[in-house]
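Note that the protein sequences, when read in sequence, are chains H and F. Residue numbering for the first sequence follows numbering that gives the first Met the number 0, starting at 0 and increasing by one per position. Residue numbering for the second sequence follows numbering that gives the first Met the number 0, starting at 0 and increasing by one per position.
Heads up, none of these hints are tricks.
Chain copies aren't distinguished; within one or between two, either way the pair holds.
Okay, derived cross-link-like pairs now, DSSO-like style, lysine-lysine, Cα gap no bigger than 30 Å in a straight line:
{"hint": "1", "residue 1": "K182", "residue 2": "K237"}
{"hint": "2", "residue 1": "K192", "residue 2": "K182"}
{"hint": "3", "residue 1": "K170", "residue 2": "K182"}
{"hint": "4", "residue 1": "K163", "residue 2": "K182"}
{"hint": "5", "residue 1": "K192", "residue 2": "K281"}
{"hint": "6", "residue 1": "K131", "residue 2": "K281"}
No wet-lab data here; the hints were simulated from the structure.
There are 2 protein chains.
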Amino acid sequence: MDTDDAALLSDSLVAADLRGIHSHGVLRAPEYVGKLLGGGVDPKGRPRVVRDSAAALVVDGGNSMGQIGAHFAMRQAIVRARTTNVAAAAVRGSNHCGALSYYAMQALEENMIGIAMTNALPTMAPWGGLDKVVGINPLAIAVPADECHPLVFDAAFSYSSHGKIRVYQQKGEAIPSAWAFDKEGHPTTDAAKALEGLLQPIGEYKGVGLAILFGVLSSLLSGAAYGDGLGNMVEGAKPGLDGHLIMAIRIAGFEDPARFKSRVDGVIRQIETGRARQGIEKLFAPGGVEAQIEQEHTARGIPLTEDTLEGLNQAALRTQVDRRIRDGLW
Amino acid sequence: MDTDDAALLSDSLVAADLRGIHSHGVLRAPEYVGKLLGGGVDPKGRPRVVRDSAAALVVDGGNSMGQIGAHFAMRQAIVRARTTNVAAAAVRGSNHCGALSYYAMQALEENMIGIAMTNALPTMAPWGGLDKVVGINPLAIAVPADECHPLVFDAAFSYSSHGKIRVYQQKGEAIPSAWAFDKEGHPTTDAAKALEGLLQPIGEYKGVGLAILFGVLSSLLSGAAYGDGLGNMVEGAKPGLDGHLIMAIRIAGFEDPARFKSRVDGVIRQIETGRARQGIEKLFAPGGVEAQIEQEHTARGIPLTEDTLEGLNQAALRTQVDRRIRDGLW
Numbered sequence: 000m001d002t003d004d005a006a007l008l009s010d011s012l013v014a015a016d017l018r019g020i021h022s023h024g025v026l027r028a029p030e031y032v033g034k035l036l037g038g039g040v041d042p043k044g045r046p047r048v049v050r051d052s053a054a055a056l057v058v059d060g061g062n063s064m065g066q067i068g069a070h071f072a073m074r075q076a077i078v079r080a081r082t083t084n085v086a087a088a089a090v091r092g093s094n095h096c097g098a099l100s101y102y103a104m105q106a107l108e109e110n111m112i113g114i115a116m117t118n119a120l121p122t123m124a125p126w127g128g129l130d131k132v133v134g135i136n137p138l139a140i141a142v143p144a145d146e147c148h149p150l151v152f153d154a155a156f157s158y159s160s161h162g163k164i165r166v167y168q169q170k171g172e173a174i175p176s177a178w179a180f181d182k183e184g185h186p187t188t189d190a191a192k193a194l195e196g197l198l199q200p201i202g203e204y205k206g207v208g209l210a211i212l213f214g215v216l217s218s219l220l221s222g223a224a225y226g227d228g229l230g231n232m233v234e235g236a237k238p239g240l241d242g243h244l245i246m247a248i249r250i251a252g253f254e255d256p257a258r259f260k261s262r263v264d265g266v267i268r269q270i271e272t273g274r275a276r277q278g279i280e281k282l283f284a285p286g287g288v289e290a291q292i293e294q295e296h297t298a299r300g301i302p303l304t305e306d307t308l309e310g311l312n313q314a315a316l317r318t319q320v321d322r323r324i325r326d327g328l329w
Numbered sequence: 000m001d002t003d004d005a006a007l008l009s010d011s012l013v014a015a016d017l018r019g020i021h022s023h024g025v026l027r028a029p030e031y032v033g034k035l036l037g038g039g040v041d042p043k044g045r046p047r048v049v050r051d052s053a054a055a056l057v058v059d060g061g062n063s064m065g066q067i068g069a070h071f072a073m074r075q076a077i078v079r080a081r082t083t084n085v086a087a088a089a090v091r092g093s094n095h096c097g098a099l100s101y102y103a104m105q106a107l108e109e110n111m112i113g114i115a116m117t118n119a120l121p122t123m124a125p126w127g128g129l130d131k132v133v134g135i136n137p138l139a140i141a142v143p144a145d146e147c148h149p150l151v152f153d154a155a156f157s158y159s160s161h162g163k164i165r166v167y168q169q170k171g172e173a174i175p176s177a178w179a180f181d182k183e184g185h186p187t188t189d190a191a192k193a194l195e196g197l198l199q200p201i202g203e204y205k206g207v208g209l210a211i212l213f214g215v216l217s218s219l220l221s222g223a224a225y226g227d228g229l230g231n232m233v234e235g236a237k238p239g240l241d242g243h244l245i246m247a248i249r250i251a252g253f254e255d256p257a258r259f260k261s262r263v264d265g266v267i268r269q270i271e272t273g274r275a276r277q278g279i280e281k282l283f284a285p286g287g288v289e290a291q292i293e294q295e296h297t298a299r300g301i302p303l304t305e306d307t308l309e310g311l312n313q314a315a316l317r318t319q320v321d322r323r324i325r326d327g328l329w
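Given the sequences, and given the hints that come with them, work out the whole structure.
Next comes the structure, spelled out in structure tokens:
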């Protein structure tokens, strides 16, 4: 990869670990190295704007790592929103782009609201169905505050994920009954049956409806693959077919940014100072837990598991990264 | 009200009943008549664009019925998106606007995607909290198809609503444990305790996070009231403080509309022809149930309950609507 692209990809992974989102942190390095070394993703792929009209942009990721295309798309949307106030970049020709909050949060320092959504490999069925045709298609929204942390939402429309369920399987523990269905569509607490079956959406038909709609927006506007057109959980994603939708909303186009951000502070403080249920120590607004973890990790370093360190080590050996860096880290 | 405004308000209510969304249909007539006759909403209120820059519009509803302002805002967003491809209208000075799908669906015949969201009276707490400061803040997204019905999502971020829980209370039935918390924040199946307590979000922290974010977008961009600034469920909403966010996305700005809509057909047909769980007769894509009900009601008329008819009768008497219309109807 070009140095800049490699730095961006690394930064996106470390940023996720820094905020405590380890599922999308450097844990992914071995998988990503595999995609770049023979997995079909183009390390030198270059995203470019292929359609450009007023507040609408279409970006072709050029089969680059999803991080490269999604970051590029948000940069383009931000620059465009400086004149149009609202701008959307639909991305195709992309790949898995990691934690979506990374792109939504690019908009914050511009006094903009960032929105990012993506298509994902299908792991859910339509409500009442058995066919795995709907992705958990996550959504991220970042809203700047003044003195408080930004409001950052970043979540998929399932209760859980294959990754989390695998952790329960390894420990031999039962999963909560709201997480998955077995192959026949019945709720199951058996991790193995869950992995053969379906993830459960949040809020029954509502969550899978949101996943379908945000999946359609993420892929059909740019011409990217949708649902099982993208691949499946057994064989993985087909390279270069993923899609995302990235939006930037310039606050000054609507409202005085100082007043807006001060009111966001108010929303956050109202939550933080509210009464908590017995047994709950502290209440957080969306993004509050991650902001607190980011402070802790920035001060004291990021704790990684042995497995993650071993994965990084193997990825470093495979890519012949300078041993000094590896030795320095661990 | 002006004849056009009255016709629009009526049409929005009948459209909801036509699609089987009776909770937002003519059932609301007595409540709306109350708001218009001494409830503080201005029957002659006129929405207007108060800020206009490229893809961003701010609309002041002028304390008109929410339907008048929201419909006006979507018209403005659609006209703007014809040149900017994406446009957003933030609405303030508004009131309860009924079923959001009505506005999202305005965009369909223009080959646009419509998005509508609104602030709502607070009925939820932040995750782990006890204070009723977050509305269920619904979201609607409408996406045009070619031969199939449009994809239409329209739902709030709670499992249920005060209205539904009241129906259970009247019948003396227990509510599902996922619907509400009691005053202490514990799940309850007691409808009375639920009404004193809190609605449960879908997907725990995820659903309430979505409600917070969409509430912020619905109100802070336009300067409308947020959360408990809007009022509460006991005293009702303060007139003229509600906010909505309305967006139109012109498909042709991104992709060939024929190809896009044909792919939406594909998404819908894949769902409809998929395997169903035992006991499920038919699978629907978002908006599919409502489209089927709309066909049935258009052919055979809309069934209304005795309570709804009595409410309409009382509202008609209160507003001295021509008896012939009432007699003709009932």
